[in-house]
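There are 2 protein chains.
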Amino acid sequence: MNNTASRHSIDQSHAVEDTYPSRKGLSSITDRQDPVIYAPQNSTPPIDPSQIEQFEQQGFIVLDNIFSSAEIEALQDESARLRSTASNDEQSEKAYTEPGHHEVRSIFSLHENSTVFKKLMMDERLAGLARYILNDQVYIHQSRLNYKPGFIGKEFFWHSDFETWHVEDGMPNMRALSMSVTLTENHTHNGPLMLIPGSHKKFIACEGKTPRQHHLASLKKQEYGVPSNEHLSMLVEKQGITTVTSKPGSVIVFDCNTLHGSNGNITPHPRANVFFVYNALSNKVAKPFCEQPPRPEYLCARSNIKPLTSSRSF
Amino acid sequence: MNNTASRHSIDQSHAVEDTYPSRKGLSSITDRQDPVIYAPQNSTPPIDPSQIEQFEQQGFIVLDNIFSSAEIEALQDESARLRSTASNDEQSEKAYTEPGHHEVRSIFSLHENSTVFKKLMMDERLAGLARYILNDQVYIHQSRLNYKPGFIGKEFFWHSDFETWHVEDGMPNMRALSMSVTLTENHTHNGPLMLIPGSHKKFIACEGKTPRQHHLASLKKQEYGVPSNEHLSMLVEKQGITTVTSKPGSVIVFDCNTLHGSNGNITPHPRANVFFVYNALSNKVAKPFCEQPPRPEYLCARSNIKPLTSSRSF
Numbered sequence: 001m002n003n004t005a006s007r008h009s010i011d012q013s014h015a016v017e018d019t020y021p022s023r024k025g026l027s028s029i030t031d032r033q034d035p036v037i038y039a040p041q042n043s044t045p046p047i048d049p050s051q052i053e054q055f056e057q058q059g060f061i062v063l064d065n066i067f068s069s070a071e072i073e074a075l076q077d078e079s080a081r082l083r084s085t086a087s088n089d090e091q092s093e094k095a096y097t098e099p100g101h102h103e104v105r106s107i108f109s110l111h112e113n114s115t116v117f118k119k120l121m122m123d124e125r126l127a128g129l130a131r132y133i134l135n136d137q138v139y140i141h142q143s144r145l146n147y148k149p150g151f152i153g154k155e156f157f158w159h160s161d162f163e164t165w166h167v168e169d170g171m172p173n174m175r176a177l178s179m180s181v182t183l184t185e186n187h188t189h190n191g192p193l194m195l196i197p198g199s200h201k202k203f204i205a206c207e208g209k210t211p212r213q214h215h216l217a218s219l220k221k222q223e224y225g226v227p228s229n230e231h232l233s234m235l236v237e238k239q240g241i242t243t244v245t246s247k248p249g250s251v252i253v254f255d256c257n258t259l260h261g262s263n264g265n266i267t268p269h270p271r272a273n274v275f276f277v278y279n280a281l282s283n284k285v286a287k288p289f290c291e292q293p294p295r296p297e298y299l300c301a302r303s304n305i306k307p308l309t310s311s312r313s314f
Numbered sequence: 001m002n003n004t005a006s007r008h009s010i011d012q013s014h015a016v017e018d019t020y021p022s023r024k025g026l027s028s029i030t031d032r033q034d035p036v037i038y039a040p041q042n043s044t045p046p047i048d049p050s051q052i053e054q055f056e057q058q059g060f061i062v063l064d065n066i067f068s069s070a071e072i073e074a075l076q077d078e079s080a081r082l083r084s085t086a087s088n089d090e091q092s093e094k095a096y097t098e099p100g101h102h103e104v105r106s107i108f109s110l111h112e113n114s115t116v117f118k119k120l121m122m123d124e125r126l127a128g129l130a131r132y133i134l135n136d137q138v139y140i141h142q143s144r145l146n147y148k149p150g151f152i153g154k155e156f157f158w159h160s161d162f163e164t165w166h167v168e169d170g171m172p173n174m175r176a177l178s179m180s181v182t183l184t185e186n187h188t189h190n191g192p193l194m195l196i197p198g199s200h201k202k203f204i205a206c207e208g209k210t211p212r213q214h215h216l217a218s219l220k221k222q223e224y225g226v227p228s229n230e231h232l233s234m235l236v237e238k239q240g241i242t243t244v245t246s247k248p249g250s251v252i253v254f255d256c257n258t259l260h261g262s263n264g265n266i267t268p269h270p271r272a273n274v275f276f277v278y279n280a281l282s283n284k285v286a287k288p289f290c291e292q293p294p295r296p297e298y299l300c301a302r303s304n305i306k307p308l309t310s311s312r313s314f
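Protein chains in written order, with the UniProt record's numbering: chain A, 1 to 314; chain B, 1 to 314.
It should be emphasised that the hints constitute simulated quantities derived from the structure, not laboratory data.
Among the hints, a few may not be true.
Just so you know, same-sequence chains aren't split out, so a pair can sit in one copy or run between any two.
List of simulated lysine-lysine pairs, DSS-like, C-alpha gap at most 30 Å [as the list claims (entries may be wrong)]: (1) LYS154 x LYS209; (2) LYS154 x LYS306; (3) LYS154 x LYS118; (4) LYS247 x LYS24; (5) LYS306 x LYS238; (6) LYS284 x LYS306; (7) LYS202 x LYS287.
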């Protein structure tokens, strides 16, 4: 009996090979094993080919002027509506607050809470680009509205999203990308997104283990799955830091493994964005690559996964 | 007897009028009562007259290229020496550490600890400009070496230095200025100094009282003497925020009442500067405008005050 149970357990955990082991010992840095652009050479991209090349080399691009003023206003209105609803429901597990404060910092599962944002994530201008880069059908691994208030906005330390999605969600490969649609102006001074260009081509395995219910703390302030200062310094030394400043309605597209973070914000200017993670259908999550049970469905879509259908406009 | 004691006490506390009451009730905003530039009209400034005008209007200026490369290197070496000495003496009341960490954040009383920095504060390029703007002999109210480490640098919330020096030190009027000599590069992303242009022409009285031994906490993270979010928003709305980026060896000169602050720093790039407060000899501190005893001498020079003599070079 024990043998059978054991074999069964081994079958499950080894169904997908762990190409990117992390939180299994000391911090280390290795090369990326996966492509960045999955689209066939010589295929026609939906945006300027130089932007695709930039995405390949730097791990991110910023798309400006793809939404009309009316569209941007509609997104801002919807964000305000969701935040005021979430404030009345502070205990909701899908609404995370600022450490030590009651301001709502993140609202998840936007497709369940908002028709406007559901249409936005299906919009061809976003989903079509994701399908092109990943060369596959795509689905939403996670969606959220992020709000970093003025005066008390806390920092987010450097991290690769893929490291967490791989270890804690069981995402097999680097075949996913994020799109952040800005809803407020990003100045240099209000805690804008910072990225390390080229960092997506390396994988930093992190020290430590994954504690139980890690997501309850890590979404406020991450302490595990954090790259070492030495490896961060090495990458920044070589490639610098890019700070994204932009008007409302810009789209920051970044690879799942691009190292990013943001400083706090003591200015009166809040920051808000909608954040979608597009994953290739062929890259669906399996068993987590750690000893913890899977994270909740609103952080990692797992059951009943269907590819996004095409949509012209939200 | 009681009457005499009481009259004596009244005499002391009312020797200097409290022109800028703060921490006595609700937050409020009033006009500055003092000049910004004390130099007589039509006098010849030691720097470009347009910079003096900018100082008058904005409350700060940045002087570039006033030190040679060799001088900058000497200042950087001296900073490294002082930090390594202070690290061995963590318990020193003159060395403040980062909240929750052991990195040295501030070292005070530089004239006692360092011949190099003592000469720097007397250097005509700095002290001469202070004498011109304040139109008086000057002395050093406070001096410190600030070090904001990479990765864990914490924010400093918005404040007017004068508000603290007035309430806690008994500095009568706005006739003082600060000079910050940068020792590392200030990028937009490593928690550089932010200032609100024009804010020096208003005085924001802060809410709350002054707790006992406030400086032990306030130098790490200020919770009293903090302007209200409403008044900050109002000033920023009108006048914006200026972020100072600069090379090592730049000098940021700002009025004692200019609102300033800085965000945290998750990047690998540390920030260091030497900070001198020049006060007009005629504006010497008196009894604090609060119910607490004076702060220690290393935060506020009080006894045995002598004006700086002129010096050509450090």
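TODO: State whether the alpha carbon distance between LYS306 and LYS238 is at most 30 Å within one copy, between copies, both, or neither.
DONE: neither (40 Å within a copy, 50 Å between copies)
- [ ] Go through the copies and call it for LYS154 and LYS118: within, between, both or neither, with a Cα cutoff of 30 Å.
- [x] within (28 Å within a copy, 37 Å between copies)
Open item on the list: If the cut is 30 Å between Cα atoms, do LYS154 and LYS306 qualify within a copy, between copies, both or neither?
Closed with: neither (35 Å within a copy, 44 Å between copies)
Open item on the list: For LYS284 and LYS306, with the copy left unspecified, which applies at a CA distance of at most 30 Å: within, between, both, or neither?
Closed with: within (10 Å within a copy, 74 Å between copies)
TODO: First find the shortest C-alpha distance between LYS247 and LYS24 inside one copy, then the shortest across copies, and answer within, between, both or neither for a cut-off of 30 Å.
DONE: neither (41 Å within a copy, 41 Å between copies)
- [ ] Measure nothing new, just compare the shortest in-copy and cross-copy C-alpha distances for LYS154 and LYS209 to 30 Å and report within, between, both or neither.
- [x] both (24 Å within a copy, 27 Å between copies)
Open item on the list: Reference check for the pair LYS202 and LYS287, CA-CA at most 30 Å: within, between, both, or neither?
Closed with: Result: close within a single copy only, 23 Å intra versus 60 Å inter.
Comparing the model with each earlier hint shows violations of hints 2, 4, 5; every other hint is respected.
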